[in-house]
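Colleague: Sequence:
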Amino acid sequence: MTNKIQTSIIAGLVGTAVMTIVMMIAPLMGMPKMSPPEMLSAMLGLPLFVGWVMHFMIGIIFAFVYTYLNVSTGRVENVYLKGAMFGAVIFAMAQIMMAIMGKIITMPAMDGSIILSMTGSLIGHIIFGMTVSKTVENNHIKENSEKVKPSNNEL
1267 MTNKIQTSII AGLVGTAVMT IVMMIAPLMG MPKMSPPEML SAMLGLPLFV GWVMHFMIGI
1327 IFAFVYTYLN VSTGRVENVY LKGAMFGAVI FAMAQIMMAI MGKIITMPAM DGSIILSMTG
1387 SLIGHIIFGM TVSKTVENNH IKENSEKVKP SNNEL
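Each residue of the sequence shown is one higher than the one before, counting from 1267 in our numbering.
The set of hints was computed from the structure by calculation and includes no laboratory data.
All figures in this text were calculated on a predicted structure; none of them were measured in a lab.
Warning: the hint list may mix true and false statements.
Pairs of lysine to aspartate or glutamate residues, derived as DMTMM-like cross-links and limited to a Cα-Cα distance of at most 25 angstroms, are as follows [said to hold, decoys possible]: (1) Lys1270 x Asp1377; (2) Lys1369 x Glu1304; (3) Lys1270 x Glu1343; (4) Lys1299 x Asp1377; (5) Lys1400 x Glu1343.
Simulated restraints on C-beta separations [unchecked claim]: (6) Leu1294 x Lys1369: 26 to 36 angstroms; (7) Pro1313 x Glu1343: 25 to 35 angstroms; (8) Gly1296 x Gly1368: 18 to 28 angstroms; (9) Lys1270 x Leu1347: 21 to 31 angstroms; (10) Gly1311 x Arg1341: 37 to 47 angstroms; (11) Met1359 x Lys1299: 15 to 25 angstroms; (12) Ile1362 x Met1290: 21 to 31 angstroms.
In this text, a Cβ means the ideal position worked out from N, Cα and C, and glycines have one as well.
Build the full structure now, drawing on both the sequences and the hints.
Modeller: Pasting the structure below:
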């Protein structure tokens, strides 16, 4: 596997795991319960395990988008700001997709306030974006430092 592919997979897994942990903790802070895997499996009438696999696959796909569209090499220098902006774009895309899917299939009922749910989702996606951005940036720095290191023959 190439380095970009490995980086994307790792960033997607780590970003999705961090986002999922935040969403699991959110109800302890007064936010409504949010479980993307449960929502995905309920929407499609599939087992919860499939919802979990889909949730992580979506995270990996978004990490590929971040890595391969060179989002990490833009005008914004701060890695966390880049990630937050990427996460906000993903959130907007998710809302559009949910609206489209809601017209096609029956969506499960949401728990709690729609405003709190959307706020929690936005925070989760921003955290995902920041985690992916930092993971990709760390790998990019590591990759560049390995290219610069002199070999033993050059010393």
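Colleague: Determine for every hint whether it applies to the structure shown.
Modeller: Comparing the hints with the structure gives:
For the proposed pair Lys1270 and Asp1377, the alpha carbon gap of about 38 angstroms is over 25 angstroms, so the pair is violated. Simply put, Lys1369 and Glu1304 have alpha-carbon atoms about 19 angstroms apart, close enough for the 25 angstroms limit, and the pair holds. Between Lys1270 and Glu1343 the alpha-carbon distance is near 20 angstroms, which keeps this suggested pair within the 25 angstroms criterion. A threshold of 25 angstroms between alpha carbons decides the hint, and for Lys1299 with Asp1377 the separation of about 7 angstroms falls inside it, so the pair holds.
The hinted pair formed by Lys1400 and Glu1343 meets the criterion: a straight-line CA distance of about 12 angstroms does not exceed 25 angstroms. A hinted range of 26 to 36 angstroms holds for the C-beta pair Leu1294 and Lys1369, which are about 34 angstroms apart. At about 44 angstroms, the CB distance of Pro1313 to Glu1343 disagrees with the hint of 25 to 35 angstroms. A C-beta distance of roughly 26 angstroms is found between Gly1296 and Gly1368, which places it inside the suggested range of 18 to 28 angstroms.
For the pair Lys1270 and Leu1347, the beta carbons lie near 22 angstroms from each other, so the given range of 21 to 31 angstroms is met. Hint check: Gly1311 to Arg1341, Cβ distance near 44 angstroms, so the stated range 37 to 47 angstroms holds. The hinted window of 15 to 25 angstroms between Met1359 and Lys1299 holds, with their beta carbons roughly 23 angstroms apart. The hinted range of 21 to 31 angstroms is satisfied by Ile1362 and Met1290, whose Cβ atoms lie roughly 25 angstroms apart.
The earlier numbered hints that this structure contradicts are 1 and 7.
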